[in-house]
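Listed in order, the protein sequences are those of chains Z and F. For the record, in the first sequence the residue sitting at position 37 is 37 according to this note's numbering, with numbers rising by one throughout. For the record, in the second sequence the residue sitting at position 21 is 21 according to this note's numbering, with numbers rising by one throughout.
Hint data in this document are derived by calculation from the structure and do not stem from the laboratory. Keep in mind the model is a prediction, meaning the values are calculated, not measured. Keep in mind that the hints are not guaranteed to be accurate.
Since copy identity is lost for identical chains, a pair holds within one copy or between any two.
Here are the simulated lysine-lysine pairs, BS3-like style, with alpha carbons at most 25 angstroms apart [what the hints assert, rightly or not]:
| hint | residue 1 | residue 2 |
| --- | --- | --- |
| 1 | Lys86 | Lys168 |
| 2 | Lys158 | Lys168 |
| 3 | Lys31 | Lys168 |
| 4 | Lys158 | Lys140 |
| 5 | Lys81 | Lys31 |
| 6 | Lys209 | Lys116 |
| 7 | Lys209 | Lys12 |
| 8 | Lys12 | Lys158 |
| 9 | Lys209 | Lys158 |
| 10 | Lys81 | Lys158 |
| 11 | Lys86 | Lys193 |
| 12 | Lys57 | Lys126 |
| 13 | Lys209 | Lys81 |
| 14 | Lys86 | Lys31 |
| 15 | Lys193 | Lys18 |
| 16 | Lys193 | Lys55 |
| 17 | Lys158 | Lys116 |
| 18 | Lys79 | Lys31 |
| 19 | Lys79 | Lys12 |
| 20 | Lys86 | Lys126 |
| 21 | Lys79 | Lys140 |
| 22 | Lys130 | Lys55 |
Number of protein chains: 2
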Amino acid sequence: MDIIKLSSRQEKIIELVKEHAPITSEQLANKLNVTRAALRPDLAILTMTGILEAKPKVGYIYSKKPSYSLIYDYIMNIKVKDIMSKPVMLDENTTVYDAIVYLFLNDVGTLFIENKGVLTGAVSRKDFLKIAIGSSDMHKIPVGIIMTRMPNIVFVEKEDAAYLAAQKIMEHEVDSLPVVERSYDESNNEILKIIGKVSKTNITRLFVKIGENK
Amino acid sequence: MDIIKLSSRQEKIIELVKEHAPITSEQLANKLNVTRAALRPDLAILTMTGILEAKPKVGYIYSKKPSYSLIYDYIMNIKVKDIMSKPVMLDENTTVYDAIVYLFLNDVGTLFIENKGVLTGAVSRKDFLKIAIGSSDMHKIPVGIIMTRMPNIVFVEKEDAAYLAAQKIMEHEVDSLPVVERSYDESNNEILKIIGKVSKTNITRLFVKIGENK
Chain Z
1 MDIIKLSSRQ EKIIELVKEH APITSEQLAN KLNVTRAALR PDLAILTMTG ILEAKPKVGY
61 IYSKKPSYSL IYDYIMNIKV KDIMSKPVML DENTTVYDAI VYLFLNDVGT LFIENKGVLT
121 GAVSRKDFLK IAIGSSDMHK IPVGIIMTRM PNIVFVEKED AAYLAAQKIM EHEVDSLPVV
181 ERSYDESNNE ILKIIGKVSK TNITRLFVKI GENK
Chain F
1 MDIIKLSSRQ EKIIELVKEH APITSEQLAN KLNVTRAALR PDLAILTMTG ILEAKPKVGY
61 IYSKKPSYSL IYDYIMNIKV KDIMSKPVML DENTTVYDAI VYLFLNDVGT LFIENKGVLT
121 GAVSRKDFLK IAIGSSDMHK IPVGIIMTRM PNIVFVEKED AAYLAAQKIM EHEVDSLPVV
181 ERSYDESNNE ILKIIGKVSK TNITRLFVKI GENK
């Protein structure tokens, strides 16, 4: 992981810019009691990393978007397994009505459907609401009829970056992704076992934790 | 300057590094009786803030010159107005059925209810699903009956930190918050006008954008 190490003078410069922005290199040099030439390398590093921004004929300001690699590295190091939660699963023969009750009892937004431990589908609050306002008898229809069925389900694996999960959630416009573990049966067919889930809630919680420094 | 509050585990890590430096993440994990993966976010924060230094193939050492938490500053500088989206609003006399149709047509998870431009309530997919599986006639009940009513709605303002919105979403277990503008009527009563919304979707999108550096 690439960490930018700042010298104590660079830190002092950041502090001065935050306090007095916009501030020229000449003013900075005066405050630090050094020559402008001596400051040049530090200012070059701080602007190159994106920590400071140099506005021509105005001075330096503190940038709200720090160095790419710093944020990027930090975020990319958080894995799905660090943030995933327990999936709530049901059999596909469960009726829609019972599935909705189960959804409320577990207070989740998406149920994952499995058959002998293998992921076969997913059904969301939105899917349920769609069927609930129709004229179908929810006590008779099995959830397997209204669910999104494999292979149309986007998933992640536990070693993937949490960031990838967030990207897939946004790209595919879903609330939640199953976290799966791959294995193979005797005929070498791929089997996806569900071991967790990552939802917008997990990403929002992660965002809060990043800010809390936890 | 924003002060970074460290968790007790982070403080424990600093103590261990001070005592045993250089020490590898594996040794730290053993001493703390946790997995290396569990320590990763803590170590990322401690190196990023400059409190610890990671020496490749050697281990962590204590740095005498902590620097800023750039991530923290960066996150706290993003405002609600930078990430909010358009709220979808309805009058409280709309029937539940029509409101659900409106929810689908606008592809949102929460509708905000207003009376002459003033926020009076909010109703979510979950509220709708609850009523839809009951025996009530959704064509007759107005949405005003099932909505969460002011003052029981948590909200934010556009100059608040996006981070505060994420915190409130997690703390109050809601999917979406209205963004309001305060004003006062002739009798000096506070009036909340709805101007936007921030949901878990907005936070997830923000998280993706941070990684993309947009």
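Status of the hints after comparison with the structure:
Proximity of Lys86 and Lys168 under a CA criterion of 25 angstroms is satisfied in both settings, with 19 angstroms inside one chain copy and 23 angstroms between copies. Taking CA atoms no more than 25 angstroms apart as the test, Lys158 paired with Lys168 passes inside one copy only; the shortest distance there is 14 angstroms, against 28 angstroms between copies. In this assembly of identical chains, Lys31 and Lys168 lie within 25 angstroms of each other by CA distance neither inside one copy nor across copies; the values are 35 angstroms within and 36 angstroms between. With identical chains, the CA atoms of Lys158 and Lys140 are never at most 25 angstroms apart, being 36 angstroms at best within one copy and 47 angstroms at best between copies.
Taking identical chains as interchangeable, the C-alpha atoms of Lys81 and Lys31 lie at most 25 angstroms apart only when they sit on different chains, with a minimum of 22 angstroms there against 45 angstroms within one chain. When the C-alpha separation of Lys209 and Lys116 is checked against a cutoff of 25 angstroms, the pair qualifies neither within a copy, at 36 angstroms, nor between copies, at 38 angstroms. For the identical chains of this complex, Lys209 and Lys12 are inter-copy neighbours only, at 18 angstroms across copies versus 28 angstroms inside a copy, given an alpha-carbon limit of 25 angstroms. For the identical chains of this complex, Lys12 and Lys158 are neighbours neither inside a copy (38 angstroms) nor across copies (27 angstroms), given an alpha-carbon limit of 25 angstroms.
Taking identical chains as interchangeable, the C-alpha atoms of Lys209 and Lys158 lie at most 25 angstroms apart whether they share a chain (19 angstroms) or sit on different chains (22 angstroms). When the C-alpha separation of Lys81 and Lys158 is checked against a cutoff of 25 angstroms, the pair qualifies only within one copy, where the shortest distance is 5 angstroms, while the shortest distance between copies is 34 angstroms. In this assembly of identical chains, Lys86 and Lys193 lie within 25 angstroms of each other by CA distance solely inside one copy; the values are 13 angstroms within and 39 angstroms between copies. In the homo-oligomer, the alpha carbons of Lys57 and Lys126 never lie at most 25 angstroms apart, since the shortest distance is 51 angstroms inside one protomer and 50 angstroms across protomers.
When the C-alpha separation of Lys209 and Lys81 is checked against a cutoff of 25 angstroms, the pair qualifies both within a copy, at 15 angstroms, and between copies, at 21 angstroms. For the homomeric pair Lys86 and Lys31, neither the shortest alpha-carbon distance inside one copy (50 angstroms) nor that between copies (28 angstroms) is at most 25 angstroms. In this homomeric assembly, Lys193 and Lys18 never come within 25 angstroms of each other (Cα to Cα): the closest approach is 51 angstroms inside a single copy and 34 angstroms across copies. Proximity of Lys193 to Lys55 under the C-alpha cut-off of 25 angstroms is found in neither arrangement, the shortest distances being 54 angstroms within a copy and 38 angstroms between copies.
With identical chains, the CA atoms of Lys158 and Lys116 are at most 25 angstroms apart within one copy only, with a shortest distance of 21 angstroms there and 49 angstroms across copies. For a Cα distance limit of 25 angstroms, the shortest separation of Lys79 from Lys31 across copies, 23 angstroms, qualifies, whereas the shortest one inside one copy, 40 angstroms, does not. Taking the closest pair of Cα atoms, Lys79 and Lys12 come within 25 angstroms of each other only across two copies (23 angstroms); inside a single copy the shortest separation is 33 angstroms, beyond that limit. For the homomeric pair Lys86 and Lys126, the shortest alpha-carbon distances inside one copy (20 angstroms) and between copies (20 angstroms) are both at most 25 angstroms.
Taking the shortest alpha-carbon separations for Lys79 and Lys140, neither the intra-copy value of 40 angstroms nor the inter-copy value of 48 angstroms comes in at or below 25 angstroms. Proximity of Lys130 to Lys55 under the C-alpha cut-off of 25 angstroms is found in neither arrangement, the shortest distances being 54 angstroms within a copy and 56 angstroms between copies.
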